[in-house]
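Enquirer: Take a look at the letters that make up each chain.
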Amino acid sequence: MPTIFTPPQVDPRRKPDRSGEPGDGDHGSGRRPPIDKRTGGNDNGDGDENWNDRPVGSRGPRERIDQYRIGLGFSLSAILMFFIGLVTVFIVTKSNYHFDPHFQYINSWRPTPVPHIVWLSTAVLLLSSVAAEFARRSMFRESEAMDEWIGLGRPLSRRAGLWLSGALALGIAFLAGQADAWQQLAARPAYLRANTSSKFFYIFTVVHAIHLLLGLGALVVALVGLRNSRRLTTRQVLVDTTVWYWHAMGALWLCLFILLEFFQ
Amino acid sequence: MKHRTLGFAYLALSTLALLAGVTISLLMRLHLTWPDWVPMGRGPILPEEYLGAVTLHGTLMLFFVLTVAPLWGFGNLILPAQIGSRRMAFPTLNAAAFWILAASLTILCASPFVAGGTAISGWTAYPPLSAVAAAGPGQALGMDLWLASIGLFSLATCMAAVNMLTTIVCLRCDGMDWHRLPLTVWGWFTAALLSLPSFAVLLAALLLLFCDRHLGTNFFLPATLVVNGIVMHSPADGSPLLWLHLFWFFGHPEVYIAILPGMGLVSMVLANFARRRVFAYRVMIAVTVLIGGIGILVWGHHMFVAGLSPFAGSAFAISSMSIAVPASAEVLSWIATVWGSGITVGKARLTTSMLFALGFVSLFITGGLTGPILAQPILDQYLHNTFFVVAHFHLIMAMAGVFGLYLATYYWFPLIANRNLNERLGKIHFWLTIFFAYSTFLPMHITGLAGEPRHYAQFTGIAGPAGKLLAATMPLQRHITLSAIFLALAQIPFFLNLWLALRSSNTSVPNPWDATTMEWAPNAMSEDPTAPEPTTHTGPCEYALNGKTFHPQWQSVTQPNQAE
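If you read the sequences in order, they're chains A and B. Using my numbering, read the first sequence as starting at 1 and increasing by one per residue. Using my numbering, read the second sequence as starting at 1 and increasing by one per residue.
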């Protein structure tokens with residue numbers, strides 16, 4: 001994340017008491033040469049202001065992005081546990097058995113072949129993640145951020161918006177592929193549909209699709225934000241958080257797909 | 001909405017749930033003791049109504065009182081000020097969590113009024129009977145409403161936990177290092193950390209149970225099942241035991257979620273009124289996190305008699321007993337903190353909040369001692385379905401948890417309401433409550449050992465030796481019921497106290513307890529964004545040897561504060 005208009009972070013505990021003392025450029029990490037840091041923050045921009053000297057919560061964009069990333073990380077851990085719960089049930093159910101009246105060992109699990117379209121849609125989802133990553137990286141491109149700061153339009157948002165739209169389109173294509181897979185499954189003979197393994201196919205894909213729909217909603221919000229939000233940080237946060245969520249859902253799908261394809 | 005407003009709103013929800021839960025429990029006790037008793041204006045209480053009451057009592061108390069009030073009620077009210085922040089990380093997410101939770105409580109409270117009444121599976125909703133609508137009157141729509149309510153609750157809890165965790169990680173003020181965080185914050189942090197994985201797994205389990213009920217799946221239904229004389233075949237081998245694993249993977253951490261904030265507060269309050277440091281502060285931090293960590297690994301001890309493999313049972317017995325180690329460390333630290341601090345000679349201040357903290361310790365020890373007993377699979381075989389277990393969890397979780405809530409109310413009332421609670425009324429409330437709490441729950445050990453089963457709607461009219469055995473426990477049962485009624489009545493001084501304090505015009509002085517933690521700093525609770533940002537200079541609980549001078553966290557090291 002190269003473009004964040006903040007000086008390097010220093011250990012806040014070592015901050016010297018500077019009351020009544022003229023600024024000597026010592027912000028806790030030792031004395032530095034007197035470089036004029038015109039950060040262009042929302043202060044008077046006198047060059048003497050170090051954002052790390054501000055109270056927690058107003059130290060500029062890096063702090064805000066960190067906060068959203070940490071919040072997203074906690075949310076993703078809960079989502080991951082949710083799917084681990086479902087996968088546990090899958091593994092246990094697969095190996096469950098009973099004895100019939102003739103004391104025969106019966107394991108009624110029959111694998112459900114995954115429709116071939118799912119291979120294609122998985123590739124589409126991965127491509128979508130790649131497009132989203134391009135969007136995320138372009139939000140932090142230094143020279144273009146500078147252009148915007150000087151007042152030469154918003155090249156950064158334009159480019160990220162294009163990539164994000166691509167990711168959105170590919171995401172919708174993935175969901176269309178999943179819908180096709182559901183129809184193919186429903187068209188199979190009843191004795192194949194009745195097996196528990198096909199129900200796991202539905203559970204995994206539908207629950208994942210709901211999470212992906214949330215991601216699509218976030219992508220739309222990010223696109224709207226790119227158009228309308230005036231603060232660069234807000235746009236960076238929107239795109240960054242959305243794309244990390246999108247990556248996580250892509251990775252999650254990859255795991256579920258491998259489970260369904262190879263471990264039934 | 002501001003986080004303080006949300007905190008009050010959460011506490012209001014919890015109070016409603018508490019009043020409903022207590023009323024239901026008294027009705028259950030009255031029915032157990034006098035089964036022929038007919039409530040006014042209706043017929044006798046039917047067995048399914050009794051089981052519905054068991055479900056509602058457990059669900060209201062566990063979820064809506066013991067989880068919501070300490071973690072989200074006081075968490076929203078106090079936590080930001082205690083880490084020196086004026087806001088929480090995600091206010092919108094926080095407010096959304098509250099509204100989802102309010103919807104969840106509304107759905108639960110609606111369930112007794114639908115056709116068939118409320119669910120009768122208890123707060124654990126064991127399949128296969130919870131998966132089959134024909135299993136009982138409340139198992140149709142009532143069970144669906146229960147599932148919807150708890151599903152929403154899980155979602156809301158995860159959202160609120162994300163907000164709380166991010167707040168603690170990102171918004172601590174300058175100088176508030178991790179080792180300077182008050183133990184209360186560590187309690188909240190560990191509880192919120194536990195609630196993410198546990199409620200996520202519960203949500204997955206609820207979803208699968210819903211599919212079993214309505215979408216023709218068989219995750220929790222065995223191949224052949226006989227319900228009410230009807231034989232049911234399912235095409236797959238589901239496993240009811242699997243639900244128990246998923247549920248208790250949530251259910252056991254849940255009890256630590258309920259009690260950890262209270263444990264943290266007890267440490268801080270004991271230290272404050274004993275004018276001492278918390279004994280072994282850093283060890284206590286480690287122990288708090290350790291209790292949370294081991295708490296995830298012990299769920300199998302709820303399943304010793306449910307058909308769990310005996311080998312798995314041994315493993316869970318060992319992990320369950322090992323949690324006694326950090327729990328004992330907590331108790332030892334509490335005792336070491338107050339030992340010889342002059343409670344008896346009046347040097348330490350025996351305020352109402354101090355009394356409730358000591359009461360918490362007492363209940364925690366009494367309830368905790370039966371923990372290692374129930375962690376033995378062979379003893380649990382006999383005790384599992386008796387009132388011995390009811391006594392155990394009501395002492396250590398319900399009563400200790402409620403004492404934690406009273407402690408928080410008495411201790412923080414001057415801060416959150418700017419009024420003083422009456423100490424005399426508070427002490428009357430404390431002594432009556434602790435007396436009747438023990439008088440209610442201690443005898444349950446004895447009736448449980450005598451074989452009194454739980455989940456039974458009626459103990460009279462049973463033929464044979466079992467009936468004789470149960471008849472012998474009836475005098476004690478009457479004693480328990482009367483004590484429970486007095487325990488409920490003993491709460492009148494508390495509500496009277498609140499009402500009088502809120503009506504009075506005498507405002508409280510700043511920092512009346514001479515406390516050292518950040519929430520008592522001037523302007524700490526202010527929501528004015530222009531107020532100066534707080535800074536932390538020392539760890540909590542810095543008192544001089546004479547007990548008079550102390551060092552608040554918000555004052556720089558050069559200027560100690562003189563008490564009085």
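Don't read these hints as lab results, they were simulated from the structure. Keep in mind that the hints are not guaranteed to be accurate.
[What the hints assert, rightly or not] Result set (SDA-like, lysine to any residue): computed pairs, CA atoms no more than 20 Å apart in a straight line:
(1) A:Lys94 x B:Gly451
(2) B:Lys2 x B:His455
(3) B:Lys427 x B:Leu496
(4) B:Lys468 x B:His479
(5) A:Lys94 x B:His455
(6) B:Lys2 x A:Lys94
(7) B:Lys468 x B:Phe486
(8) B:Lys427 x B:Phe486
(9) A:Lys94 x B:Asn523
(10) A:Lys94 x A:Ile106
(11) B:Lys2 x B:Gly451
(12) A:Lys94 x B:Leu241
(13) A:Lys94 x A:Ser229
(14) B:Lys468 x B:Leu496
(15) A:Lys94 x B:His479
(16) A:Lys94 x B:Ser234
(17) A:Lys94 x B:Ala223
(18) B:Lys427 x B:Thr351
(19) A:Lys94 x B:Val114
Enquirer: Okay, which hints does this one fail, numbers in order?
Expert: When the structure is compared with the hints, numbers 1, 2, 5, 6, 7, 9, 11, 13, 14, 15, 19 turn out to be violated.
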